[in-house]
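The residues making up each chain are set out below.
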Amino acid sequence: MAQGIGWTQQSTAPRQLTGIFVNTFPWYELVIWIPLLGFLWIRASRTQRAREVCLIFSAVTMILSILLYLGNVQPGSSWLGSWFGWNLIHIDQFSAPLIPLTALIYFLTLLATVGHKTQLFPFAGALLGESLTLATLWTDTHWWMILLVSLSVIPMWLELKARGESTRVYGIHQAIFIVCLVLGEFLSVRLNAPAMNMSVVLLTIAVLVRSGAFPFHLWRIDMFQKASFGSSILTVSPMLGAYICMRMVLPSEPDWALHAISFLSLATSVYAAGMALVQSDGRRFFCYLFLSHSSLVLVGLELATPIGLTAALCMWLSVGLALTSYGITLRCIEARVGRIDLNRYYGLYNHMPTMAAFFLLTGLASVGFPCTIGFIAGELLIESAMNYSPWIGWIVVLATALNGIAVLRVYFRIFTGTKHATTIPMRSQIEERIAIVGLSILILAGGLYPQPEVESSYKAAMHLLEEYHREIPQTHGSGLHSDGQEQAH
Amino acid sequence: MSTMLTYLAAIVVGCPILTLVILGLSGLLHRPLPEAWVDRLTKFHVTVGLLATLGILGIMILTDHPMEVMDLGNFVEIGQKHFHFHLEFIFDRLSVPMVLMTFVLVGVIGSFANIYLQGDAGYYRFFVCFSMFLVGLLFAFLAGTIETLFLGWELVGLSSALLIAYFHERKAPVENGLRVWGIYRVADAAFLMAALMMHHMTDQGEFLRMLSQQPWPQGQTHMDAWTSLTVGILLLVAASGKSGLIPFSGWLPRAMEGLTPSSAVFYGALSIHLGAYLLLRLGPVFSESVLLRVLMFGLGASTAIFAAMTSRVQTDVKSALAYSSVCQVGIIVMEIALGLWYLALVHIIGHAFLRSLQLLRAPTLLRDYRTLENAIGGRLANGQPMWVSGLEKNRQVQWYRFALERGYMDSMIDHLMLKPFCRLFKTFERIEDYWLKALDGRSSRPPQDS
Numbered sequence: 005m006a007q008g009i010g011w012t013q014q015s016t017a018p019r020q021l022t023g024i025f026v027n028t029f030p031w032y033e034l035v036i037w038i039p040l041l042g043f044l045w046i047r048a049s050r051t052q053r054a055r056e057v058c059l060i061f062s063a064v065t066m067i068l069s070i071l072l073y074l075g076n077v078q079p080g081s082s083w084l085g086s087w088f089g090w091n092l093i094h095i096d097q098f099s100a101p102l103i104p105l106t107a108l109i110y111f112l113t114l115l116a117t118v119g120h121k122t123q124l125f126p127f128a129g130a131l132l133g134e135s136l137t138l139a140t141l142w143t144d145t146h147w148w149m150i151l152l153v154s155l156s157v158i159p160m161w162l163e164l165k166a167r168g169e170s171t172r173v174y175g176i177h178q179a180i181f182i183v184c185l186v187l188g189e190f191l192s193v194r195l196n197a198p199a200m201n202m203s204v205v206l207l208t209i210a211v212l213v214r215s216g217a218f219p220f221h222l223w224r225i226d227m228f229q230k231a232s233f234g235s236s237i238l239t240v241s242p243m244l245g246a247y248i249c250m251r252m253v254l255p256s257e258p259d260w261a262l263h264a265i266s267f268l269s270l271a272t273s274v275y276a277a278g279m280a281l282v283q284s285d286g287r288r289f290f291c292y293l294f295l296s297h298s299s300l301v302l303v304g305l306e307l308a309t310p311i312g313l314t315a316a317l318c319m320w321l322s323v324g325l326a327l328t329s330y331g332i333t334l335r336c337i338e339a340r341v342g343r344i345d346l347n348r349y350y351g352l353y354n355h356m357p358t359m360a361a362f363f364l365l366t367g368l369a370s371v372g373f374p375c376t377i378g379f380i381a382g383e384l385l386i387e388s389a390m391n392y393s394p395w396i397g398w399i400v401v402l403a404t405a406l407n408g409i410a411v412l413r414v415y416f417r418i419f420t421g422t423k424h425a426t427t428i429p430m431r432s433q434i435e436e437r438i439a440i441v442g443l444s445i446l447i448l449a450g451g452l453y454p455q456p457e458v459e460s461s462y463k464a465a466m467h468l469l470e471e472y473h474r475e476i477p478q479t480h481g482s483g484l485h486s487d488g489q490e491q492a493h
Numbered sequence: 072m073s074t075m076l077t078y079l080a081a082i083v084v085g086c087p088i089l090t091l092v093i094l095g096l097s098g099l100l101h102r103p104l105p106e107a108w109v110d111r112l113t114k115f116h117v118t119v120g121l122l123a124t125l126g127i128l129g130i131m132i133l134t135d136h137p138m139e140v141m142d143l144g145n146f147v148e149i150g151q152k153h154f155h156f157h158l159e160f161i162f163d164r165l166s167v168p169m170v171l172m173t174f175v176l177v178g179v180i181g182s183f184a185n186i187y188l189q190g191d192a193g194y195y196r197f198f199v200c201f202s203m204f205l206v207g208l209l210f211a212f213l214a215g216t217i218e219t220l221f222l223g224w225e226l227v228g229l230s231s232a233l234l235i236a237y238f239h240e241r242k243a244p245v246e247n248g249l250r251v252w253g254i255y256r257v258a259d260a261a262f263l264m265a266a267l268m269m270h271h272m273t274d275q276g277e278f279l280r281m282l283s284q285q286p287w288p289q290g291q292t293h294m295d296a297w298t299s300l301t302v303g304i305l306l307l308v309a310a311s312g313k314s315g316l317i318p319f320s321g322w323l324p325r326a327m328e329g330l331t332p333s334s335a336v337f338y339g340a341l342s343i344h345l346g347a348y349l350l351l352r353l354g355p356v357f358s359e360s361v362l363l364r365v366l367m368f369g370l371g372a373s374t375a376i377f378a379a380m381t382s383r384v385q386t387d388v389k390s391a392l393a394y395s396s397v398c399q400v401g402i403i404v405m406e407i408a409l410g411l412w413y414l415a416l417v418h419i420i421g422h423a424f425l426r427s428l429q430l431l432r433a434p435t436l437l438r439d440y441r442t443l444e445n446a447i448g449g450r451l452a453n454g455q456p457m458w459v460s461g462l463e464k465n466r467q468v469q470w471y472r473f474a475l476e477r478g479y480m481d482s483m484i485d486h487l488m489l490k491p492f493c494r495l496f497k498t499f500e501r502i503e504d505y506w507l508k509a510l511d512g513r514s515s516r517p518p519q520d521s
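First to last, the sequence lines map onto chains A and B. Numbered according to our numbering, the first sequence spans residues 5 to 493. Numbered according to our numbering, the second sequence spans residues 72 to 521.
No wet-lab data here; the hints were simulated from the structure. Take every hint as true, because none was put in to throw you off.
Think about it this way: if two alpha-carbon atoms lie no more than 25 Å apart in a straight line, the pair counts; the simulated PhoX-like pairs of lysine-lysine are:
id, chain 1, residue 1, chain 2, residue 2
1, A, Lys423, B, Lys242
2, B, Lys497, B, Lys508
3, B, Lys508, A, Lys165
4, B, Lys497, B, Lys242
5, B, Lys490, B, Lys242
Every value quoted in this text rests on a predicted model; they were computed, and no experiment measured them.
The whole structure should be built from the sequences, with the hints applied where relevant.
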């Protein structure tokens, strides 16, 4: 971020919070413990009171994580470190912005959970998920990360169980993910070549499954159809698959594995964009739209060039903000008209014009419309893809074009085409408005003044590349390129 | 004098942006301005913009200054990696006339729409899209870099789609709006690919540097023959989409589903010329390849002939005028291919004004006809061209049907692209459902709540 706003490792910026208390108190760990405490407080309750408690814990978590990020606070002492000798917290320029982003997404999604949704939404599970997700983002210790992401699978599984839905599709995919991750990590420390290759294959499969890349994406569709919309958004928004890819796979990945992930991610982005365009179910449409964009993030990561990584990190933030807002808006509409059938027109514009405007804004932001946060991210990605290979650039452009058509199609289906007759007031509630307006402000601000975000992402990208090259000096034929020029293929 | 030019340029670009921000934000915050304020704001920014452009033109003529560049610097830059998103506006012999034309036509239509839409529920929505359209056009016409031009194109595309779907409680306008958006996205994608290829090959994003720092219409590119050909073909696809050249001509009559004011100025007069403008601005890319110029001439000629035939048999006046516009744009493209760039520029401006007038008079066409017939004391001539009367009867019927069905172009796009695309992805969906069911082990239940 410009001039000290944001996280800089070993920064001496004047904005850095000083004082013994600030630097020695385990603030970062507290951000993980707060939602966990909230979870223990409310446990299985789904009452209005549970919502309020959940909101308070989530709000405190969000505020604290934003303050830590803006104040450049360095990880101080750790309770886990002093009690058990575990030094688990590792913050760098890559993970630093993801933490407030994730906390914000959780808080605003919970805030927009109002009305009859409070009876069905697992608040305790959401807090547990938040705690586990934040903890995952704050560590680069592989086995600890594996444990946390494995545990983060549980809240959704419990929710599906509680709703009386089949957990098989979700369970099978998550089991494959965990088994591949554990075996892959286990084999990665072996020194012989077959074990190393097998490790790369397993870790690659784990990333593809968690990211929902084609053909491992079915669990996401199943989840969106069976679980609550809010929980599904919270499960996919932090993009833990991409995070694992960055931390565990990318540093040691040989070129062939890079190309495999890149190819499948590209295929997924176009496939999901095409599928989004023909969907008749609102949730499935959102699932594919998210899938297409999260695959584009992976494409950027796998380009493994400074600009490609910068593009991926910018897109990560833009997808996190824009598509979460889009999902929240869609969820608000669903709460009023039930499951959205995209084969028909709803004509809701006259009942909720402001919601229509936000729906369009957030949707267009996700596809990189000018003056929104996704624009520069999209430009960077296409630019780096073109530098890498014109074909990749063209496919990314194709996926973006299809997504753009799909977004406007759904807008027209929901808000236009007919007159919606109802006697029930459909205007958005204050909590929903705060959530959507808050995210929209960020979307517009990031679009109108993108330099800080790009700068921060670029620094993070360079930091990652330097770190990888320092720690793993090409021993595995890594495809990461930190040289001044983008590698042309 | 240069400082004065810079201030005037800032007014030209800044005023419409300010209006869009005011209207957009007050709409988003659910506090729309009263109609009288919207009217005043619109008239004010158009008048100020027009006067500032006239000032720029005057100074440029008096000082024999062929070009003024307004450099806003880098919107985004990653210095060491040579990535920058540069914002630059060029006021030259090509863009200044286009901007003047835009302000005049948009001002006229703004005044017209203010009366036409007074008290209408969509009044505010119209003027938000109106402002967005104006900003988009100004960005596109004044763009000094590929990125700025693309930004303008996108804004024009979205505002156009929303204006076509203005009567959004009916299905037809909405479906037409989506159709036009789809074609615009294809054009945008082609343009983006062409732009990135140019950027990649010349390592420049600024038109001036790309065209050897020479003011329009001079300049030359330094791309090899094959790159020029690929870029040129992509630009032709982009221009075809935006300007309704074949095979995308079908979108213009669909765009007439919108309001008369918006269809008059936005599609019939302004946005239909965006493609031609692009070809003019990047003319040097085409001038280096004879094959490209032949392709461009062929595209223009076939569009002109097709549209001339089609416009004669349309049963509603707006569609007839839409195809007449396409015909003229076809001729303009032919002129560009022949290197007659100044003629093409004059043709664009003349055509835009004439077509706006015709479209604005369209609702009172029958009354105008009656007035004319009363004045001449007889029926207006309604003959057919010589070459048609020379054809056999069944050939006449065949050509008539071809023209009436608008060359079957929309159905061709449907059958060759849209339907196979939908069938393919619906098949994928069925396969996915099958797999989901197989994995799930039990039949899927009806979905629950939220």
